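What follows is the residue order along each chain.
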Amino acid sequence: EPEVTQTPSHQVTQMGQEVILRCVPISNHLYFYWYRQILGQKVEFLVSFYNNEISEKSEIFDDQFSVERPDGSNFTLKIRSTKLEDSAMYFCASSEGWGQPQHFGDGTRLSIL
Amino acid sequence: EDQVTQSPEALRLQEGESSSLNCSYTVSGLRGLFWYRQDPGKGPEFLFTLYSAGEEKEKERLKATLTKKESFLHITAPKPEDSATYLCAVSPPNDYKLSFGAGTTVTVRA
Numbered sequence: 001e002p003e004v005t006q007t008p009s010h011q012v013t014q015m016g017q018e019v020i021l022r023c024v025p026i027s028n029h030l031y032f033y034w035y036r037q038i039l040g041q042k043v044e045f046l047v048s049f050y051n052n053e054i055s056e057k058s059e060i061f062d063d064q065f066s067v068e069r070p071d072g073s074n075f076t077l078k079i080r081s082t083k084l085e086d087s088a089m090y091f092c093a094s095s096e097g098w099g100q101p102q103h104f105g106d107g108t109r110l111s112i113l
Numbered sequence: 001e002d003q004v005t006q007s008p009e010a011l012r013l014q015e016g017e018s019s020s021l022n023c024s025y026t027v028s029g030l031r032g033l034f035w036y037r038q039d040p041g042k043g044p045e046f047l048f049t050l051y052s053a054g055e056e057k058e059k060e061r062l063k064a065t066l067t068k069k070e071s072f073l074h075i076t077a078p079k080p081e082d083s084a085t086y087l088c089a090v091s092p093p094n095d096y097k098l099s100f101g102a103g104t105t106v107t108v109r110a
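Heads up: the protein sequence lines correspond to chains A and B, in order.
Mapping of the first sequence onto this note's numbering: position 1 corresponds to residue 1, and the numbering continues sequentially without gaps.
Mapping of the second sequence onto this note's numbering: position 2 corresponds to residue 2, and the numbering continues sequentially without gaps.
The shape of chain A in the complex, shown without the other chains (with noise of 0.2 Å):
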């Protein structure tokens, strides 16, 4: 069953360092998203993405964070001046369509010291 890949699973950063999370989409699907979970809350919405620009993005969402589709198979989000509070995984979903289910992979833990 295709899915969706996520690279590396753990990132450990220095504060203002900055990072770039890697995806891999399933392939057939248009529509690109990241999500966030610190540890014991719950999963936040960060961007989305569709037709190779920013449809929606969250007020966590701001100028440190960047996102781009580099080729036709991965998805990147880049945090710009990485923060303590950067610290959590960090989940990529796609879907094959507006309103269609979300499938996501497994995360990058993301630890800044």
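If you're looking for bench data, these hints aren't it; they were derived computationally from the structure.
Treat the hints loosely; a few may be bogus.
[To be verified] Derived EDC-like pairs: lysine to aspartate or glutamate, alpha-carbon spacing no greater than 16 Å straight-line:
| # | chain 1 | residue 1 | chain 2 | residue 2 |
| --- | --- | --- | --- | --- |
| 1 | A | 57 | B | 9 |
| 2 | A | 42 | B | 9 |
| 3 | B | 42 | A | 53 |
| 4 | B | 42 | A | 106 |
None of these values were measured; they are calculated from a predicted model.
Use these hints to put chain B onto chain A, whose structure you have.
Structure of chain B alone, referenced to chain A:
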């Protein structure tokens, strides 16, 4: 404001002991309600989508139902492998995002 509230927070069941999980939502004009299962250290795994009141979906020992204000996930004769956190999420109108509840952690003892 909380759009999705799940109860109970935790549920401990004996193998074979059926029970129900609740998801209440406040968003109007719901475009879809989604149930996911999440195992520790893993991403949410899609289970069901419900689009309109009265709709029901089933998969193995799980059955999801939807009313205008809430959804139930019924677990019939659970097994230890059904132990997980079950997440409910809603898709508001005109939004791309899913808004998640905090989840119900189900533990099934053999």
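Against the structure, the hints come out as follows:
{"no.": "1", "hint": "57/A / 9/B", "result": "violated, 28 Å"}
{"no.": "2", "hint": "42/A / 9/B", "result": "holds, 12 Å"}
{"no.": "3", "hint": "42/B / 53/A", "result": "violated, 28 Å"}
{"no.": "4", "hint": "42/B / 106/A", "result": "holds, 5 Å"}
Checked against the numbered hints given earlier, this structure breaks hints 1, 3; the rest are met.
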